[in-house]
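Colleague: These protein sequence lines map, in sequence, to chains X and L. Residue 184 in my numbering sits at position 184 of the first sequence; the count goes up by one each step and never skips. Add 287 to the 1-based position in the second sequence for my numbering, that's all there is to it.
The set of hints was computed from the structure by calculation and includes no laboratory data. Think of the CB as a built atom: it goes at the ideal place given N, C-alpha and C, for glycine as much as any other residue. Mixed in with the good hints, there may be bad ones.
[Said to hold, decoys possible] Pair ranges (Cβ atoms, derived): (1) E206(X) <-> P628(L): 20 to 28 Å; (2) G254(X) <-> E463(L): 50 to 58 Å; (3) K604(L) <-> E195(X): 26 to 34 Å; (4) E671(L) <-> A255(X): 39 to 47 Å; (5) N441(L) <-> E94(X): 22 to 30 Å; (6) N582(L) <-> Q262(X): 42 to 50 Å; (7) L556(L) <-> A255(X): 36 to 44 Å; (8) L690(L) <-> E120(X): 19 to 27 Å.
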Amino acid sequence: MGAFLYFQDVIEHLEEFWKEQGCYIGEPYDIEKGAGTMNPLTFFRALGPEPWNMAYVEPCRRPQDARYGDNPNRMGYYFQFQVIKKPPPDNIIEVFINSLERLGISRVEHDIRFVEDNWESPTLGASGLGWEVWLDGMEITQFTYFQEMGGIEIQPISVELTYGLERLTSYIQDVDNVWDIQMSPGLTYGEMFLEQEKQGSRYGFEVADIDLLRRHFTDYEQESKRILKDGLFLPAYDYALKCSHLFNLLDARGALSVSERQNYIARVRGLTRGCARKYCNLRGFEV
Amino acid sequence: MMTHNLLLEVGSDEIPARYLLPAIEEIRVRAEKALADARLTWSEATSYGTPRRLVLYVTDLSDRSSDITVKVRGPSRKVAYDSEGMPTKALQGFCRSLGIDVSDVVIEPEANGEYVYGFKHEPGQTVTEILPTILSEVVMGMDCPHPLRWGEKNWRWFRPIRWAVCLYGEEEVPVELAGITSGRTSYGSRSLHPGSLEIPSASEYFDVIARAGVVVDHNRRRQIISEGACSLAKEISGRPLEDEGLLDEVTCLCEHPAPFRGEFSPDYLNLPQEVLITVMRYHQRYFPILDDAMNVLPGFIGVRDGSPNIGMDNVRKGNEWVLRARLDDASFFYDQDLKVPLGDRLDELKRVFFLGEAGTLYDKTQRLIELSAFLGEEAGFSYEQIEKIKMSAHLSKCDLVTLMVRELPELEGIMGGHYARVQGVDEEVAKAIAQQYLPRGASDELPEKGISGILAIADKLDTLAVAFCLGVEVSGSQDPLGLRRAASGVANIILAHGYDIDLDRAIEKAVVLGGQAVRIAEKADEDVDSVNLKLKRFILSRVEAYLTEKGYPAEIAKAVIGSGETRISRLPAMAEAIYSILGTGMLIDVVTGWRRTAVLGSKSSERDVRGELLVEEPEKALFSWVSERRETLDRLFEDREYALYLEELASLRMLIDDCLDHVLIMTEDEELRENRIKLLGAVSDLFTRMADFSYILPFTGKM
């Protein structure tokens, strides 16, 4: 391993690297989301023929994965480093490996492996084929060739790279526990986020008001549908994201039966599909 | 004619491990067919592969396809020649199109007159003219189960194709594959030789690619891994877990395998062995190391893709780090799980759904208690044993809500058995819980005979009954719930262990219970009957498969199933009895006896033969034989003495022949006629309860 890198250095190096690869370095989107893919700049821009190259850090909320801060590498709130390249260069895997080398992870000194893992996001009507990337046996990145987004078969396809920043950094820093990750000199991940993790876990699993969540889901769904009719697919998508987060909370809270769960997923998918279609209409893409 | 070797290398992004071995085979098979169709000759075709390349190598491939001459039908003689016998324009045109002279044609008679035939000579083509088209088709036409779509033309293949090399001897052959054109430039191992390299000739490929850090022969990689794993395991006096599936998978995940041994703290050996093995095997693709007594040792064999020397410490340390995190998790789950007695989890099962809308796992548990007890009674278990069966059913699903099984679903059942045992539950009960999902596949072991087998049957039969009540259809590759496997499990356990369970009764019970779960009880009786029948046919088809796998001809399997004997564990003995008299006169006697009585006997379903209405000697003899022997016959049949039973049937032949040869069955007298038909019916029943002999007719030379 090369020089010691703080969490902030890892992000900085990745941003620098992907900037050199022609990516715009973006900012996170300001609505709760379960994965970086949900950022509208990925969701919509993956559609249609126009090239799109961007990289950004995205915080993710997955109430179901929360563990009260007890688990060394599983959390309900964490960060992904997200790269989207459309169309991807032919040597995209080599470029990706180079990005690891930028972090001091030499391909000769380590074992980097591409193990089949196909990806699907039912709420986004999205799917893709690819791999999970293993670094010395640890999964550090999800590498996906998108095939479908918003229920629409896309052409050309994009590559999405999702680096698990905590995994990657704890490996680089040789710490066993994400809460011990050093963010910058003298500041740990635990100091910044452990309390949030504990409270978030209690909220998601024990305290969240189920009736209120259900009510808000329906409200946001109605609003999303209403304004989509008016062609406002971007604000409509914001509400779809809110629905998706409320669904995740209800799910974590154990409030949904199997069929109800399917039903909620289908409702969110209905919204995101509608938004994808409107976007394609606006840009004049064939659907 | 000259020959050279042909090399085709298709380079791509990493092909998923599970597709690689079939793909290596397929590219060779397709190529051989294409080359033969193109009239080329060669000595040997072989194929190899790594995640990043499929390689086809053909030795001594001819440089031209062979010439052939095709006979082409032309116009009829009448049209070809005028009244003076001179060639017409039609004939001249025909000959021109074949490039031959009008004098070269022959005339052949056909049913509707004479016709002109010409010979078209097709000269061979050079191999380099042929290869681009056929090789492109060989590669792009491969069967990719879940293809990736990419590029401007929406190409489809396992993963995007990135380069291709095609050389005939030293000559580059340009083959178009998904928008790229082959040349002589290849790429080495991602870690050992990341750059490009030039391949001078087909035969030099293997040396060049080996120097670039690629072990292209998958069998060689397999061997390196397997031998390396053995010698590394020996260092700690152990040996790697034998697992062909894992060996194949690991072989298909690397281009240059470098096995290494890692360690973990012996503290984790407190975990059940199955947990240790599952974490290593399924989650990390490591080979667990076992000692002579099959105990897991605190080490593992991993396989790295890359150098066996450089950075090996990083790789080992990294893998140990990951394994430690996973085992830490597992230890936490284990300790937490043990804090709750298994039986206390029953209420939690009310929150877990089973097959969508078919109630919860709690409901399934209640059904299993009833169904397994019923099956236990049917199979003749004692009261005490049945109490144990009920206890194992009661606890059977509780491990599904433990942390360990939620994290490692492969351990369902196994953890339940383990927790039960540790918490002091009866050993037999614990074993039944652990074995309830067996057999998990075609070659998997069966649950033990005894109460384990009963719970395993009940679990599968309930799933089948519920799925059939829900109207789930199984067809071709469509079997998401694994119903075929479940039905095979039911059939195999009952047959192999010889449980004397009546399939009809078992199905009826399971469907009544399952039907309540999905509320088809309110539906008409015909619906329930049709579910019963469908399920019975489904399971009987697996019984047939069991019998044919045991080596019995399909006809015999169908014949004994056709007997209508639903105590299916008796079928193998029935099949054996028939099988052992194949080709003997005894079989002829039996089949003839059946044939002669069944035809007329089937005209009535009544069997109340009246002795006083029998007037002719032969019919009296037949009747008295049947009356006297009935008890013996029934006993032989019940006692599974099928060979002796068949002997009895064979000995009937003479009486039957005598009766049918000398007594007019279809006599005018209605009362006598009816009575004779009933007699024949009663006799034919003795045969048909053994087999539907119509399937056996081919073996007697009579159809």
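Colleague: So, for every hint listed, does it hold in this structure?
Modeller: Hint-by-hint comparison with the structure:
1. E206(X) <-> P628(L): 20 to 28 Å: holds, 24 Å
2. G254(X) <-> E463(L): 50 to 58 Å: Given a distance of about 55 Å, which is inside 50 to 58 Å, the answer is holds.
3. K604(L) <-> E195(X): 26 to 34 Å: holds, 32 Å
4. E671(L) <-> A255(X): 39 to 47 Å: holds, 44 Å
5. N441(L) <-> E94(X): 22 to 30 Å: Holds: the Cβ-Cβ distance is about 24 Å, inside 22 to 30 Å.
6. N582(L) <-> Q262(X): 42 to 50 Å: At roughly 45 Å between Cβ atoms, Q262(X) and N582(L) fall inside 42 to 50 Å, so the hint holds.
7. L556(L) <-> A255(X): 36 to 44 Å: Since the Cβ atoms of L556(L) and A255(X) sit about 40 Å apart, the hinted range of 36 to 44 Å holds.
8. L690(L) <-> E120(X): 19 to 27 Å: holds, 25 Å
When the structure is compared with the earlier hints, no violation turns up for any of them.
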